[in-house]
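Enquirer: Got chain A; can you put chains B, C and D on it based on the hints?
There are 4 protein chains.
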Amino acid sequence: MSREPRVTVWNEFRHEQANPKVAEIYPRGIHEALAGPLRAVGLEVATATLDEPEHGLDRRRLDATDVLVWWGHRAHDEVADEIVQRVRQRVLDGMGLVALHSAHFSKIFKTLMGTGCDLKWREAGERERLWVVDPTHPIVAGLPEQIVIEHEEMYGEHFDIPPPDELFLVSWFRGGEVFRSGCTWRRGQGRIAYLRPGHETYPTYHNAQIQMLILNAVRWAAPVGAATPRRGNQQPQEELG
Amino acid sequence: MSREPRVTVWNEFRHEQANPKVAEIYPRGIHEALAGPLRAVGLEVATATLDEPEHGLDRRRLDATDVLVWWGHRAHDEVADEIVQRVRQRVLDGMGLVALHSAHFSKIFKTLMGTGCDLKWREAGERERLWVVDPTHPIVAGLPEQIVIEHEEMYGEHFDIPPPDELFLVSWFRGGEVFRSGCTWRRGQGRIAYLRPGHETYPTYHNAQIQMLILNAVRWAAPVGAATPRRGNQQPQEELG
Amino acid sequence: MSREPRVTVWNEFRHEQANPKVAEIYPRGIHEALAGPLRAVGLEVATATLDEPEHGLDRRRLDATDVLVWWGHRAHDEVADEIVQRVRQRVLDGMGLVALHSAHFSKIFKTLMGTGCDLKWREAGERERLWVVDPTHPIVAGLPEQIVIEHEEMYGEHFDIPPPDELFLVSWFRGGEVFRSGCTWRRGQGRIAYLRPGHETYPTYHNAQIQMLILNAVRWAAPVGAATPRRGNQQPQEELG
Amino acid sequence: MSREPRVTVWNEFRHEQANPKVAEIYPRGIHEALAGPLRAVGLEVATATLDEPEHGLDRRRLDATDVLVWWGHRAHDEVADEIVQRVRQRVLDGMGLVALHSAHFSKIFKTLMGTGCDLKWREAGERERLWVVDPTHPIVAGLPEQIVIEHEEMYGEHFDIPPPDELFLVSWFRGGEVFRSGCTWRRGQGRIAYLRPGHETYPTYHNAQIQMLILNAVRWAAPVGAATPRRGNQQPQEELG
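In order, the protein sequences belong to chains A, B, C and D. Just so you know, the working numbering puts 160 at position 160 of the first sequence, and the rest follows in order with no gaps. Just so you know, the working numbering puts 196 at position 196 of the second sequence, and the rest follows in order with no gaps. Just so you know, the working numbering puts 101 at position 101 of the third sequence, and the rest follows in order with no gaps. Just so you know, the working numbering puts 174 at position 174 of the fourth sequence, and the rest follows in order with no gaps.
The hints are simulated quantities; they were obtained by calculation from the structure and are not laboratory data. Positions of the beta carbon are idealized from the N, C-alpha and C atoms, including for glycine. A portion of the hints provided could be inaccurate.
[As the list claims (entries may be wrong)] Some, not all, of what chain D presents toward chain A, calculated at C-beta under 7 Å:
#	residue
1	Val79
2	Pro135
3	Thr136
4	Ala141
5	Gly142
6	Glu145
7	Arg186
8	Ala226
9	Pro229
Same shape as in the complex, but just chain A (with noise of 0.2 Å):
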């Protein structure tokens, strides 16, 4: 709680490569879009991307990561099922994880959901109006009680999730969709949020209000110092007589 968390932000970093209007939008990938806000407060970031070596989630990596920011899209597969158990062992060991827009189709989540995790979606760059839905939850401080996004994909319900542990925020779409875009989940002893926008091809992450939502994410799903709890056979704590 005293110390701001160690971040690693991955991404997929396709997209950028494959697409120019992506690439015009995101110069350095979005990696380095998500990593910049959050270095400016001071917080030390590391990135990984899928086609580093063991995605530049070796152990190492991982071992020195409080909080781990996950944005992929088209290429979920190509996700090593190694790499995707190693991270998720670490979050049930208490490493947070933000999962990003489309990584609600990725393997870690999918793995730590127990869910399809599938959706609604239409890509036709219509307006997005988040509103909070809980104004005691962290990740929403220092927002206006709505976040308007002129031009965003949409994504409807029924969201093939868990009932959330909290649900801090609800979209609007123009095309007459909601959908429960602010949520957190507890998984071992990780915490774990998922925010919905940042679609590819437009601006989102350079939005400064969904910059602060995705810092206090971080914020939010860092390791809070607990007992790690002891498992498997004991001894009774008192005389069975």
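Expert: Okay, now just chains B, C and D, sitting in the frame of chain A:
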């Protein structure tokens, strides 16, 4: 679980007498419009209204009620505190409560929630889309994934309620707002459901899907038949040795 | 909600054949001990065991199952991954799952939870007291505020599960531990309940209160009959204008 | 999140003056015993007691309070309803509340919960074991998986509270009961924590682990700084067209 709950539908019954537009939609009162579809499937349904003695909620009536359905709007303040306390105690003792639409601001709902229960609103007859966000919930049994109401009053977030135990419907409104429209809470031994739709100037309670929603909520809110917990000073279960 | 669910009781069925003590308590197998009380109230109950072809869980069997009851312990690893995936998909599609005792460590339970599902344990035949902490829950219908089991295996916290959607039973053990013994979760369209008691070397499933708990859980977990959500690419509901 | 919360510790302060045994344990009052460890880490802490004018809770004091810690027992009824309403409004407006032990029966806690808040109890100085059931919760930061208190009053289920938003501690008592001892709820913009331990005749608040629990709860309950939601009649965000 086996037998059907005995229901009392409580209605303020003032708009119908003061506003010809409402009287035209609900000539026998909102309470009769609500009671009809419940009776049609065989439930035993009584009605009670504000201007009856004790608002129609004497002890005998409440003792014979498994689930109370509540509709009120302009005269919340005229409900006597003594009756509110009586209803509250019955809920804590196991009677179900289904609060409809503007009942969000009723004394009985507010005292059971512990919050202000205020919200945004607008009477513009705009389109509402109620999306199912929990397809495992019994209250949406037999319903499609979306209920569309062409003309309704808008209710918008933040709805000042405790985070619901279960959230199964989220509304989209044409004018840009969202709302947690189907929620449940537990209080004492009682089960409470809130269903948003039903402004008095629209024929919402003649909508078969809304009628089914209310029927499902009534069945869901019925007492489950668990033991009444003992409380107060207790002898030990085990020797303290 | 109207008709009774069709049940399949799955049992590993190994202890009964390898350990005379268990065979004496459950001469026809734990599955028959579980099925009996369900049949006695009129439910249609099939059984399936590990050593049958496809573990007795071929598609036809699963398609004809509304609620699957699962008991396994020493041979979790022998359950084929393909069958686990098949059962998981049926749960996400709406089949209920009631996981009993050591099923906490079954592949199907772990994959639906997304966590490690480990816990503390001790086989000392000590007293367990299951206290009702939610007297509004249908699974404790007809039961007293406390169920006492004279001899059981101890399970202790931390139980590595996602925070349950509903917690209705907490166990006290003579040796000093507590445990969240009655829990529910939603996954996809499926409803999942976990009930702690039932170590194979004690006659727990002959206890009428535990039998009622399981019957209640089966009814609670039955599919509710809500619409299957549509997902994927969608046309707008409203003109995007 | 950045600066430490300003705290007011409220204490009934009657037992200490009437019962020499309590006076011996808490010679300067329970409020000073609670305030000390908070001040020791640098928090700004005021105290207030029942017999001060306005119970020490005038508007100026409340306006300067980020988190209110509450201890009361024998004189709940002497707290003026007007002051309770004032405190309640401050909680709904964002002030945190940490309710300790017998504060479960205080007017302020009961009005915010909406339930009876009764429980089982026994004064037998028996052993309590508080087990962590959520190792991701900030309120158990820095604490072991179990806190043992050699002599405490017993509180047992059913504790008549709304299902907590978060449950992080469950107590085991020597005499056979369990209790949900660490819980949180949200009300309006305010965050509320309940911590069970602290009967006046035992030196529980001199226990360093309990002191840390309270410090963590105070920090957790601090206002997050989200926007105050607007409510009431609203113009549409979008053209209703």
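Enquirer: Are Arg186/D and chain A close enough, Cβ to Cβ, to be under 7 Å, as the hint says?
Expert: holds, 5 Å
Enquirer: Would the stated hint for Ala226/D survive a check requiring a Cβ distance to chain A of less than 7 Å?
Expert: This interface hint holds because 4 Å falls under the 7 Å limit.
Enquirer: Against chain A, with CB atoms and a cut of 7 Å, does the hint on Val79/D hold up?
Expert: violated, 25 Å
Enquirer: Was the hint right that Thr136/D lines chain A, CB cutoff 7 Å?
Expert: Cβ of Thr136/D sits 5 Å from chain A, so the hint holds.
Enquirer: Hint Pro135/D vs chain A: min CB-CB distance below 7 Å?
Expert: At about 4 Å, which falls below the 7 Å cut-off, the nearest Cβ of chain A leaves the hint on Pro135/D intact, so it holds.
Enquirer: Measuring from the C-beta of Glu145/D to each C-beta in chain A, is the shortest one below 7 Å?
Expert: The hint holds - Glu145/D has a Cβ within 7 Å of chain A, the shortest such distance being about 5 Å.
Enquirer: Mind checking the CB of Ala141/D against every CB in chain A and telling me if the closest is under 7 Å?
Expert: holds, 5 Å
Enquirer: Does the interface hint hold: is Gly142/D within less than 7 Å of chain A, judged Cβ to Cβ?
Expert: holds, 6 Å
Enquirer: Minimum Cβ distance from Pro229/D to chain A below 7 Å?
Expert: holds, 5 Å
When the structure is compared with the earlier hints, a violation turns up for hint 1 alone.
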